[in-house]
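Under the numbering used here, the residues of the sequence shown are numbered 79 to 192, in order.
Worth double-checking, as some hints may not be accurate.
Quick list of simulated restraints, FRET-style, between CB atoms [stated by the list, open to error]:
#, residue 1, residue 2, range
1, E146, R108, 28 to 34 angstroms
2, R118, A143, 16 to 22 angstroms
3, S189, D103, 15 to 21 angstroms
4, G135, E177, 15 to 21 angstroms
5, Q159, D100, 16 to 22 angstroms
Note that these hints are calculated values from the structure, not bench results.
As the structure is a computational prediction, the values presented were derived from the model and not from experiment.
Don't be surprised by glycine CBs; every beta carbon is placed ideally from N, CA and C.
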Amino acid sequence: MSSPAPSTKSPPPPATARPHIDISDIMVRRCVHMNVSMLRYAMELAHQVTRLYNSDGEIAAQMQAQFERVFGQYWHCIVNQETTPDSPQWCGAMYVQLEVGPTRITLYKISATA
Numbered sequence: 079m080s081s082p083a084p085s086t087k088s089p090p091p092p093a094t095a096r097p098h099i100d101i102s103d104i105m106v107r108r109c110v111h112m113n114v115s116m117l118r119y120a121m122e123l124a125h126q127v128t129r130l131y132n133s134d135g136e137i138a139a140q141m142q143a144q145f146e147r148v149f150g151q152y153w154h155c156i157v158n159q160e161t162t163p164d165s166p167q168w169c170g171a172m173y174v175q176l177e178v179g180p181t182r183i184t185l186y187k188i189s190a191t192a
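All chains, full assembly: derive it from the sequences and hints.
Shown next as structure tokens:
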């Protein structure tokens, strides 16, 4: 008896996998008090973490941790899949709102004087 030939098909991606998004497909919805290099880092990081993680919580945790490592403490991150109206503007806050495919990422830091 011979064993069945191995399947050459790769398994389908899990149902929760996010679609592949190229960095050029990231849309900046709003950016306030952020310099160009910080914005670029946010876009590159968003591209990277949305490819590596499936849950909104994991994406938010990684965005926050990496921004705090590079730019200092007390960054906050909100990630969701909903198409909601634009988020409110925070007086004195430094923030960016990105869309990576269906994922909306809001990363912000509120100054101590706000």
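Hint by hint, here is what the structure shows:
1. E146 <-> R108: 28 to 34 angstroms: Once the Cβ atoms are compared, 21 angstroms apart, the range 28 to 34 angstroms for R108 and E146 is violated.
2. R118 <-> A143: 16 to 22 angstroms: Given range 16 to 22 angstroms: holds, Cβ gap about 19 angstroms.
3. S189 <-> D103: 15 to 21 angstroms: 31 angstroms, violated
4. G135 <-> E177: 15 to 21 angstroms: Holds, since G135 and E177 (Cβ atoms, about 18 angstroms apart) stay within the stated range.
5. Q159 <-> D100: 16 to 22 angstroms: Taking Cβ atoms as reference, Q159 and D100 lie about 19 angstroms apart, which means the hint holds.
Hint violations for this structure: numbers 1 and 3, all remaining hints satisfied.
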